[in-house]
Each structure stands twice: as structure tokens, then as C-alpha cells.
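As given, the protein sequences belong to chains X, D, U and A, one line each in that order. First residue of the first sequence? That's 1 in our numbering, and the numbers climb one at a time after it. First residue of the second sequence? That's 1 in our numbering, and the numbers climb one at a time after it. First residue of the third sequence? That's 1 in our numbering, and the numbers climb one at a time after it. First residue of the fourth sequence? That's 1 in our numbering, and the numbers climb one at a time after it.
Hints may contain errors.
Put simply, identical chains are the same to the list, so a pair is met inside one copy or across any two.
Listed next, the in silico DMTMM-like pairs over lysine to aspartate or glutamate satisfying Cα-Cα at most 20 Å (straight line) [what the hints assert, rightly or not]:
1. Lys46 with Glu199
2. Lys49 with Glu113
3. Lys345 with Glu390
4. Lys69 with Glu59
5. Lys251 with Glu175
6. Lys69 with Asp379
7. Lys345 with Glu113
8. Lys345 with Glu115
9. Lys391 with Asp347
10. Lys21 with Glu372
11. Lys219 with Glu249
12. Lys49 with Glu199
13. Lys49 with Asp125
14. Lys15 with Asp379
15. Lys21 with Glu369
16. Lys49 with Asp347
17. Lys46 with Glu115
18. Lys219 with Glu176
19. Lys49 with Glu115
20. Lys345 with Asp125
Hints are computed from structural coordinates only; laboratory data are not their basis.
The residues making up each chain are set out below.
Protein chains: 4
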Amino acid sequence: MSGDSLNWERSLREKGLDLRKVKGRVKGFRIETPSWGYADSGTRFKVFKQQGMPRTLEEKLEDAGQVHKFTGVCPTVAIHIPWDKCDDYGKAKAFAKDLGLAIGAVNPNVFQEPEYMLGSVVNPDAGVRRRATEHLLECAGIARLTGSRDLSLWMSDGTNYPGQADFRQRKAWMEESLIELDKAMDDGMRMLIEYKTFEPSFYHTDIADWGMAYVFAGKVGDKAEVLVDLGHHPLGSNIEHIVAFLLDEGKLGGFHFNNKKYADDDLIVGSVNPYELFLIFTELVKAEDDPATSGCAGRIAYMIDQSHCIEPKIPAMIRSVLNIQEAHAKALLVDRGRLAEAQGKGDVLAAEACVKDAFDTDVRPLLAEVREEMGIDPDPMGAYLRSGYEKGKLARG
Amino acid sequence: MSGDSLNWERSLREKGLDLRKVKGRVKGFRIETPSWGYADSGTRFKVFKQQGMPRTLEEKLEDAGQVHKFTGVCPTVAIHIPWDKCDDYGKAKAFAKDLGLAIGAVNPNVFQEPEYMLGSVVNPDAGVRRRATEHLLECAGIARLTGSRDLSLWMSDGTNYPGQADFRQRKAWMEESLIELDKAMDDGMRMLIEYKTFEPSFYHTDIADWGMAYVFAGKVGDKAEVLVDLGHHPLGSNIEHIVAFLLDEGKLGGFHFNNKKYADDDLIVGSVNPYELFLIFTELVKAEDDPATSGCAGRIAYMIDQSHCIEPKIPAMIRSVLNIQEAHAKALLVDRGRLAEAQGKGDVLAAEACVKDAFDTDVRPLLAEVREEMGIDPDPMGAYLRSGYEKGKLARG
Amino acid sequence: MSGDSLNWERSLREKGLDLRKVKGRVKGFRIETPSWGYADSGTRFKVFKQQGMPRTLEEKLEDAGQVHKFTGVCPTVAIHIPWDKCDDYGKAKAFAKDLGLAIGAVNPNVFQEPEYMLGSVVNPDAGVRRRATEHLLECAGIARLTGSRDLSLWMSDGTNYPGQADFRQRKAWMEESLIELDKAMDDGMRMLIEYKTFEPSFYHTDIADWGMAYVFAGKVGDKAEVLVDLGHHPLGSNIEHIVAFLLDEGKLGGFHFNNKKYADDDLIVGSVNPYELFLIFTELVKAEDDPATSGCAGRIAYMIDQSHCIEPKIPAMIRSVLNIQEAHAKALLVDRGRLAEAQGKGDVLAAEACVKDAFDTDVRPLLAEVREEMGIDPDPMGAYLRSGYEKGKLARG
Amino acid sequence: MSGDSLNWERSLREKGLDLRKVKGRVKGFRIETPSWGYADSGTRFKVFKQQGMPRTLEEKLEDAGQVHKFTGVCPTVAIHIPWDKCDDYGKAKAFAKDLGLAIGAVNPNVFQEPEYMLGSVVNPDAGVRRRATEHLLECAGIARLTGSRDLSLWMSDGTNYPGQADFRQRKAWMEESLIELDKAMDDGMRMLIEYKTFEPSFYHTDIADWGMAYVFAGKVGDKAEVLVDLGHHPLGSNIEHIVAFLLDEGKLGGFHFNNKKYADDDLIVGSVNPYELFLIFTELVKAEDDPATSGCAGRIAYMIDQSHCIEPKIPAMIRSVLNIQEAHAKALLVDRGRLAEAQGKGDVLAAEACVKDAFDTDVRPLLAEVREEMGIDPDPMGAYLRSGYEKGKLARG
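This is chain X alone, in the form it adopts within the complex (with noise of 0.2 Å):
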């Protein structure tokens, strides 16, 4: 490779990609943006306050009216319920309307009752259980309002000590609960199953890891699929093999997005590895193209569920927004012919570098090309900031 070889535009050229139609698959490309990720969020030993966070639903979608006007590329946003209850769903609906957004996956919340410290739909006392399939069917009715086709399910149940209860009961009562949920759901709507190895739980998870999940989407049938948050793995964990694995069985149905070192840390997506987020979408772009799975891989709800400890909310979704698209534009990148020739000959550092090479272009000006073309800032980050939004937050007391 001669030194100007590398250029982005060349390399498309070279590997004979569509530059149209790149850009059309990074235009097309819809990331939701999560209504508490514009509020104050911490850890165990403190959340600390910033000013001017969104007190209501509605300041909250003006927040991601701003990301959606900066990047382009995020018109819903996800609710959670009880922290974004309204009285009248159809307000909010239009209230979103007016910024250009539109109310995305309803998000229960099985965690916060104090009712539910021993656990939620698996919880030892059958009203306890039973209050809390109520609040699901409840938010199945949300979504009917809101127009939402997801329901987020992150069912944070588990026990801390060994011996506190017992898993296959709970696996029952877990199974009974989301049936009972599926058959309030519309035809159209899915039921996102998400899946965490640990916390808020220290010795069992009900639905530890993506096999519980698959299995109980399984149990409950066509309208639910598995839910990926890239924070709920044990180190050493592959994902991009686990999102592979749930496509080729069509029951990928979504992302949270996010960044982790540790635990569920809930950092920016892609700024610990941007080399797995990369990964990621290369598995997701192959499926795209793939039509066995390109059924699967069209319905996927792309979320982001981060939690923005010490830094300005709006600009760090902005910042993850930006990452997303920069490892989903490089996914693009890949010369699949040539990995797929490379693959077939078991030519493993041939197949690696055409990996790597993808990731190593810099699509930041293509990004921004493509940005232009959409009538937007090619500079989304460097524009919020400068518009005066976060001074105008302050405002809000």
C-alpha cells in the first residue's frame, strides 16, 4: 500500500463499495436515546447532581430533541415506567411530535418498589408476584398509547446468598409472568427479554446470561426476542459471537448500548473498547446482507442504556451516538469478498487484516460528508456546544 493509499474515498474505491450506498446505510441508521439518560445517575456511594436536569417527561424529550437535531439519527426515545408516568400518553405522544420525535420502547421497572426486594414476578409472596405482572400488563397498555413497539424487559430479579430461594420455582414463576405479559401485547409488538449476569444481585440473576433468555423467548414465542446490553456479560465474554449466534436464530431484538471495564459500568459506548463495538456491527452488517437474516437483523431496536455518572448528559450522548455511527461506518468498510475468499483458504492473517483495516480507516470525514448531505452540522458535538442549549438548561432551576 503506497502512503495515500489509505485515504477513505480510495479504499472504497478499491474494494469496489457503493459510496452511495454506504452513505445511505450510515443516513438510514436509527439509534434510540433513553429518557433517563438526560437525568442525574450515579453509583451505590452517590449520584452527583448536576444543574439544570429535565424535572418532567417533557424536559427530558426536549434533551433528546437536541441529540436527535444535532446527529440526525435519533428520533425515539425510550420511556421508563414509573420515572416517565404521565397522565395523558397521547400529550407526550404529541408533544414529542413536535421536536420530530416519537415515543420509543416502554422500559417496566421491576427493581424499585420496595415491595420487590426479594424479587419482582419471582418474588415469594404471590401478591407480591402478582402486583408486579400487573405492572408489566401495564406498560403493554402504555405502549398501545405511546404507539411503542417495544416492551424493554431488564427483569433484575435475583437472590444474594445461596439457598435464599429456589431457581426452578422462580424459573416457573418467571415463565407464567412473561406468557401472561405476551398475551396482552398487540400483534406488532415485541417483548425485548434482557439478560445480566450480576446486579442488582450478588448471588443469582433469574435471567443470567443470553441462554435464559433465549430460552425463556422461547417459552413465550414469536413476539419476543433477546435483548443485548453490552454491559451484562462476564469478562471474557465474546458478544459479537453471542450476536451472531441469536441472529442465525432470528432472535436478536435489540441493543443497549454502552461501555464497560469492570462490571455493568454503564460508560459511553465504544470509550473502553470501540474495537468490540466494531466487531459488533460487523456481525450486524453481514446479517443485514444475509437474507436469512436480514429479517431479524432489519427488526433490531438500537438503543443506548448508559449511565452518565460525572459528565454533561447531553454531550455524552451525543458522544455516543457519534461512536455508534463511527463503528457502524466501518463495519461498512469491510471488503467482504476478500474476507470471505481470505476465510474460505483459511488464510487467518489475511482474514484478520481485512478485518482490521476497516477499523483502522478513519471515517470521520466520510461521516461528515454524509452529515452535510443531511442538512446538519457535519460537527454535531462542536455545534450542540456551541447552540447554548446547556446554558439555557441551567434555567430550569
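Since the structure of chain X is provided, determine the placement of chains D, U and A on it from the hints.
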């Protein structure tokens, strides 16, 4: 509790446990030892050669016979093909029988042929894939000859680098091969599908976790079940939960017992974390008592799979058997009624204490009694060491 | 070993252990409980409020007094500033004395003030650094007033993102602050420097491991030693080895006991991995017996630091104390002569068995005897639960 | 940022970086390759033999010479004793010189002799300890003959079971042996002490982490420094922080570069987590620029230590060198002034972006220019593959 209340006999009485039944279950619990556990093994850095190692299947069976002789509970021996390949399996079977033994699970080897560098049944080369599948079919044939019920499949395939291979293509090849194997297996035979998080591959493993093994087992059908090797999980996995989950799904087929602190350390079972082993047995005993799971639990193959790098092999195996028996006996002492009551009331500390109390009980006197009733020495390790067999082995040259 | 040889008394006799000495060491082993362990705590997702929680230092001391009353071995209580800040520490000291207690280690808090979001003594803002150091100095003053020997420093500082801060500059600031604190401490006081692999920061922690704590302790000088919290290591750490290493260096100052399966789970000590706890005590007992290390070992502060998210606080504390006592008593039963002999001969299995044998011994009857000799109930948990104190707490409102 | 602002040249200009200096530092950065990296290696399950492997030190040097020829930055080769033992080191040195090479670090082997099963310099047998120490002394002698500055010590000693050995006794033996070695080393020689969390031992490793290596280095004195192997940490370690800490202490002596996803996977450096590699270089470059640390930083031995199990050896080595150069070049592009400013203001996102921006820059064109200025092919991998050397190797038989 008063000072002497913790004597195991009184403890049993207080819990209303039937001593005879407990003893009966201990006596009836069978553990399979592996032929390769009697031979030299080591790390990638060094295999330290010990003297008197068995050179043939017959000599390995003789060593395994010693373990059965002194423990009374190890009547079967797993074999590994091609390491234990024979001209005449009928003869080997008869040789085993004369030692009071039978051939147990047949273990194919898909990691050692030079062609398998980039994979066996998922190799990019169709010829290699064919050869690997033929090896699996050969092993099914051997199982028929040895009268073995179980084919124990550790598919070690994986890759070392991002991009090296196409995950989903390999998944399809894996499925294809296992289904072909299934068709070649007699009714009543079982295919035990093992999973492993990493090693010998360091980027991805085609069957990396229980979920993947479970999915493959589901594709294959009724004959296929999942095999749990205690060393094949990422750190921070709750194995007893996985065990309970698989039992509930009716898909737990067998165990490879050993212990780990870091990776797949293959140490003596119970030597690093004896409480974990006990908690696994707590699930197993419970599943045996429950009609919903007793069928699956009753079929489980309990096998040891260790790598004795620095210790004498036969004593290490005896030690492992004793540790398993202790964990099993302790699990039989859990006061299930009191536990269920505490769980039902959400009394976390009482439930935890109920399980821990059984673990804290010293069951060695109970096991000594059991052994005397079985007509063997109450101290198997001492009896073996005094027997002179270790010294006799040295004559092997 | 014959069937009944494992009775603990006979076991002691066979090992030539002096029962009176063993009992004496058990009786003499003191465990400090933390004031904050009696109050509500939780995860970032939820603090489940329990009824009857202590609202003042006095009420926390009352609760701690119950633990001491029923266990007989917990006469000191660690305090946390500002949570336990008082107008009159002399009065608090006297209040404690009336309950048979004394104030133990003083724990500064450098993680909760709003200014500390980006660090305390290593904050980029010099004013914040000053304020944080002043807080440390204030705590040294409080220790003087409460007659506490130990300042227990958990410097929670760290960063969340690559590039966020300059590691080496922060190292210099940390050193500077600790040295200033050292100068303010009286002779005879100790600075216990804690380390932690992650949380509340998720990219780097300024004192991330024992090596960093050790280096800082070395810069500070003789008053400074390292504090080992059992939950503050990466998975796959051999804590007993670190303990032995620090003992050998004369720099092991104290423990924060708890247990973990994943991260800093802060569960009841001994509840997840009791064997690990025992192995740590095996090193501690050995170091007490060795003139080369007995000085250091004799100074160690044994403290509990747990977070009881779902369980009643006082019973959880009693349970922890009992588990520590069991681990200690078992460690006292190791046949040191036989162990040294086996180690010397390189008899791996005999050495391992020697240690494991002590662990497998049920020491609960021994502990019951010890308690009777101490004039307390042989069953502390039962006695406490029967005492009515839990119910009485509810009156606190 | 506008679309083309990210071109690396413009980026340099904007940051006020001196292109000539950047290029100069890239050109001046030397990487040592290991003789054993050119030969077959594998896992405990299988060493896949490749054709044309070097059979002698001379042939390994020839292979290493190729890496130097095409990269221009690998003029030294680490040797391993006894694998590279010679009758005449003067001759080997001359042979190397003719290839434009020199012998680099001498690596003793204390893991392969049959006597070392239970340890080398810490073996329970005094005779074995003596023999192991003699081997270290022999290697110091060899270093004198080869003109090597560095002795690179990986003390692989450890144990597999609790109780197997006395940690503190072994610590004393380790210290004693290293001090004896130190006395035998000439002034100007260095002892690089490596640490490793586990493997080949699975319970404890005598030098398990950087803290232990640091303590031993301190006992030995000025000649001893710590060697960081990127694969030798538990998952969830911040290596760049350790690197910065050791630099600050003036005790960072060298690197063994490679990459890992799970354990000590020994993969091509930068192939799993390129961002981590870059962050390490960010610390190294900074330390070179700082008078307080430039002395230590200037002495660092940058060495590759990998195990190429499935890939061709020379290309794998070239790939590793290129990846290191990219990480280094990117680290040189960090805008240090802007970074310090953002850090000083506590602007987390700006600081993070500043570091990430350098990583995202495609430095391959810059490196191509550098190579052209050095008179070598701008594409070392392509040039090597076209050279015919791989094919020529096959003639070795």
C-alpha cells in the same frame, strides 16, 4: 443449638432424615473416571513425566480398577479415541469386566489431528470437515462395540483472531455434523454436548457456553443433552444456577468434574471451592427428589475430567471421588422442609443458614460407616497407599 | 482414619494441639463491626428501607452492643465521618463505654461531597484537594478524641474515561496528602491504606491494588500499613497469598471482611466462599506463631465492612462474626508439623489434605463450648433472635 | 470539524506538532523480537507443526533478520536458554551481526527441567534450588558473552493446591536467589523481573503481580526493574495505570508485548484490544517527554513475546511490529497541551475526546512515509510476502 447438637447423627434425627436412605443414596452414587486421568498430562510449558505411567488401555483400566476397588463407586471408565483405540473392543470390554469395570463414555478427539488446526467439523476445508465427522461416526461405532450409552463431545473448535472465520457458517456446519452423528447413533445412546468459554482457541469457541450447547442439543433432538464441565465457565458464573436451569429443561446430560481458580485449571474436584461443589449437589439432590426433574437427573453421567500435572494420578483420582462423595452426602443432609419454609417466608438468613449448616457438617464419619457397610476400607486413600500398588506401577518401566 | 476419628476433640488430641490454647486464641480474637453496617444500604438501583434503623451514632452503638453482647468478641465499633459526626466525641466515647464498647477505627469519607465528583485529594482543583486533605486531618483529630488507634482510609478516587486525568500527577497529589496526614497523626496511631480494583470509578482507581497501597504506605512511613478488603480484588486473585506477602513485609495493617462472587458485593463474610476465608486465616494464624511476623500479625485490625441490602442488619452482623470465628478456629486446627513435613517432602496431596482436613472439621461444637466458658449463650444467633431486640427496634419509628 | 480536517497532516499542523520530530521518534523506536517466536508453539492440547521451522539459533536469527529487513526497527533478538544454547556465543554474535542483528535479552528457563515440577529457585529440595540458581548465573554469563544488557526473568514458580507450599518461605528463597544473581551481574546489566497472575500454576504464583515483582526488584537493588507482559494480568486490570505507576517509581524495565482476550493468550499484539495498546503508549510517550521519568522510559526494553499457534510465524511477527508502530505513532499525535488543559479544567469529555481523536486518526499513511524515508518498502507485509522467503523456508526440511 447446643454444643453437641451438630453431631451428624443427631442432626439427621432432628431433621427427620432417614439414615438408611441417606446411606443408600451415597452408596448408589456412581462416578466415572477417565482413562486419560491415569496418564501424564501437563501445561503448554511442560508435561512432567511420572514413573510407572500406564501405556495401554489395559494398564489404564488396571489403574482405574484400583480406584473402584478402594472407593467402591467407580465401576466405569471413560475412553478417549484415538488415545484408547483398540483392535478389539470386545476384548477390552472383557478385560474391563474381569476388573469389575465397564467402558463408560466414548470421547472423540477433534483437536489433535494436524488437519484440525483451523477446526474439525467446522474447518473451512470440506475434506477436513468430512474427516472429522467420520471420526465422530467411528466413535458412535465404538460405543456400540463397548456397550457405552454416552458419546461425550467436546468440540474444541474455535478461532484465534477477529475475522478469522464466519461464525454463522461454522454454526451451520456444526449443526450439520451433529445431526449426521445423531442419525448414526442407536436408540438409547446419548450425545452429550460440552461447551467451553475458551482454550485451545483464544478469540471465539464455536460452542462457548451452555446456551450454545443447549441450542445445538435442541436441533439434534432427544438423544442430545448438555454436558457441564465445572472448569468451562468465565469467572463470575453461577454454575449451580445453570445446572438447575438445565435440569428444569430436561437437558442436563452429564458432568465433567474438576475445579478451577482461574481458567480451565482441571484441578482435583473440590480442592479450590468446595462450597460451590456442594451447592451444585444441592440442586442435583433436589432434582432427584422432584418428579418433574427426576427423569433427567436420573440419567446424568457423573464423570471426572482432570489434569493431574504435578500429583500422583491414582491418589488424585481417589481424592476427587471422596470429595464428590462428601459434597453429595452434605447435600443429602439439607433440611429441605425447613429450607422451603424459610424460602417461602422470605427469611433470607434462615434459608442461607439451612444450606450452610449441611455444608458445615462433617460427613466423613458417615462416609466411613457407609464404606464399612459396603465392605471396603473406611479410609480409601490410606488403604490404597498402604496397598503397595503405587510401588508396583514402577515396574511398568 | 477410622469412622469416628474426625471428632474434633480426638482430632485435636491426635495432632497434639492444646485445647486450652486453642480455646484461648478463639476467645481472644476481636472483631470490629462498622457503625454503618447497622443502617440501611443498597445498590445504585435501590436502597430498600428497613424498619427500626438507627438514626444516630448512639443508636448504632446500641445495635453494635447487641452484637458484642451475644458474641462476646466485638467490643469496638468503627465510625464513619461525616455520617457519625458528633458535637461531643467525649460523650460518644462515654456512651460507648457504658455499653461495654469503645470507638474503633475512624473512617474518613472522600466520596460523598459534591466537590469530589472528579476526585478528592487528587481533584484537579487545588481548593478541593485542600478541602479533602483538611477532612483527613479532621478525622485524625477525631481519632485523638475517641482514642482510636486507626485511621482507615478508603481513597475512592479514580476516573471513568481514558484521558480524563493524569495518572502520575494524581499519584503525586495522593502522596502529598497522605504525608501531610501522617504528620498530623500522633505516635501510636496508624494509617490503614485501602485499595480497590474499581468502583465507584470505572476506568482507573488511584489506589487500585495492594501494590499501590504498599508503595504509598512506604512513602508515608512507619505509621502506614495496608488494609485488605476481601471484595476489592479482580476475580482470579489469590488473596491469601497477598496476605502472606504483606505479613512478610510487615505491612499488613487490617482487614475489611465481607464476601463476593462478582465485584465488591459486600456480602456476609464466608457466605460465598468459606474455604477462601479459612485459607486466609491459615496464613494469619501461622504468622502469629512466627516471631518474624508476629509483631505485624499482632497489630492487625480485624474489621467487618459489609452492605446488608436485603437482610436484617444485626443478625447479618452476628452471622458474619460467627463465620469468622469458625474460619479462625479451623485454622487453629491445622496440623502445622505434619503440614511442614509434607511440604518439605514435596508431598502435594498430603499437604493439601492436611489443610483441607482442618477445614472439613466441624468446629461449631468447639465454639459452643468456648462461648459457654465465656458466659454467653452457645448459640448467639438464636439467643439474639429470642431476645426481642429486633422487635424493640421498631419502636424507633 | 470539517470533512477533511482529519487528514493526519493537517491534524498535526493544527496541534502544532513537528512532523519531523514525530517521524524521528517513530524511526527511532526499536522492538526486539524473540527467537522462540519463529518456531512452533501451541497449547497443552496440541502443537501444530508448520513446515520450514528454524531448527537452530542461526535459522531463528535468519528469520528475525527478515523482520528487521522489512520493518527496519527490529535489530535485536531475545534468546532463550537452553533452547538457544550454543557452544560458541561469540560465533552466534558474529552471525547475528552479519545479518544486521544483535543478541538482545537473555531469557533463562526455570520451567522445563524435570526437577522443576514443584518449583525452581523455590523448590522444597535445596539441591534443585541450587541448580536453578546456577542456571540463572549461567545466563548472566551468557549475557556477558553475547553483550546483552538485559536478563529477562520469568520465574514461573507456583503451586497448584492450597497448602502445597509455604508462601513466605518461598518468598525468602526467591529473594535469596535473585540477590545472588544480582551479585553475579556486571554493572550496566539489568535484571527484568516478570510477573504473572497464573499458569503454569493454578493456585498461586510466587511472583503473581506487579507489586510482588516491584518488591523483589527493590530488594535486589538498582539493577532490577519490573517487566510487564501484557497478557499476565487478571481480567479487569488497567495496565496503562500500572505502567504509569511503575514509570513514576523509576522501576519499569521492559515489556513483553502480545494480546489477550481471556488468559495469557499470547496473540498478536494489538489484535484483540488495539485501544488498550494505544493507551499504554500514550503513557510511554508522555513519560519520555517528562524529565522526571525520561531516564526510566529511555531504558525500557520493548520486546514481543507471542505464541503463534495457528499462523505463519514471520508474518505474525511483522504484523505485531506494525501494530506497535501504529499505536506508538498515534500516541505521538495526542495533543498534549489541549489534553492538559481539559484535564486541568475537569472537562471529562474534552479530555477523553483528545485522546480518542489521536487513536481514531489513520496513521498508516504517515508510517508509509516514514518507511520510504528509511529506505524500506512502505508496505512491509506485502514486501515480505512477495519476497519468496516463506517458500524458501520450506527447503529447511
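Status of the hints after comparison with the structure:
1. Lys46 with Glu199: For Lys46 and Glu199, the Cα distance is within 20 Å both inside one copy (17 Å) and across copies (11 Å).
2. Lys49 with Glu113: between (23 Å within a copy, 11 Å between copies)
3. Lys345 with Glu390: For Lys345 and Glu390, the Cα distance is within 20 Å only across copies (17 Å; inside one copy 54 Å).
4. Lys69 with Glu59: Within one copy, since 15 Å is at most 20 Å while 54 Å is not.
5. Lys251 with Glu175: Answer is both: 17 Å inside a copy and 17 Å across each meet the 20 Å cutoff.
6. Lys69 with Asp379: within (12 Å within a copy, 43 Å between copies)
7. Lys345 with Glu113: Classified as between: cross-chain Cα gap 19 Å, same-chain 57 Å, threshold 20 Å.
8. Lys345 with Glu115: between (59 Å within a copy, 13 Å between copies)
9. Lys391 with Asp347: Classified as between; 15 Å across copies, 55 Å inside a copy.
10. Lys21 with Glu372: Within. Shortest intra-copy distance 16 Å satisfies the 20 Å Cα cut-off; inter-copy 35 Å does not.
11. Lys219 with Glu249: both (14 Å within a copy, 11 Å between copies)
12. Lys49 with Glu199: between (23 Å within a copy, 18 Å between copies)
13. Lys49 with Asp125: between (36 Å within a copy, 18 Å between copies)
14. Lys15 with Asp379: Result: close only across copies, 18 Å inter versus 27 Å intra.
15. Lys21 with Glu369: Result: close within a single copy only, 14 Å intra versus 32 Å inter.
16. Lys49 with Asp347: For Lys49 and Asp347, only the inter-copy Cα distance (16 Å) is at most 20 Å; the intra-copy one is 53 Å.
17. Lys46 with Glu115: between (24 Å within a copy, 12 Å between copies)
18. Lys219 with Glu176: within (9 Å within a copy, 25 Å between copies)
19. Lys49 with Glu115: For Lys49 and Glu115, only the inter-copy Cα distance (10 Å) is at most 20 Å; the intra-copy one is 27 Å.
20. Lys345 with Asp125: The answer is between: 8 Å across copies meets 20 Å, while 59 Å in one copy does not.
The structure shown violates none of the earlier numbered hints.
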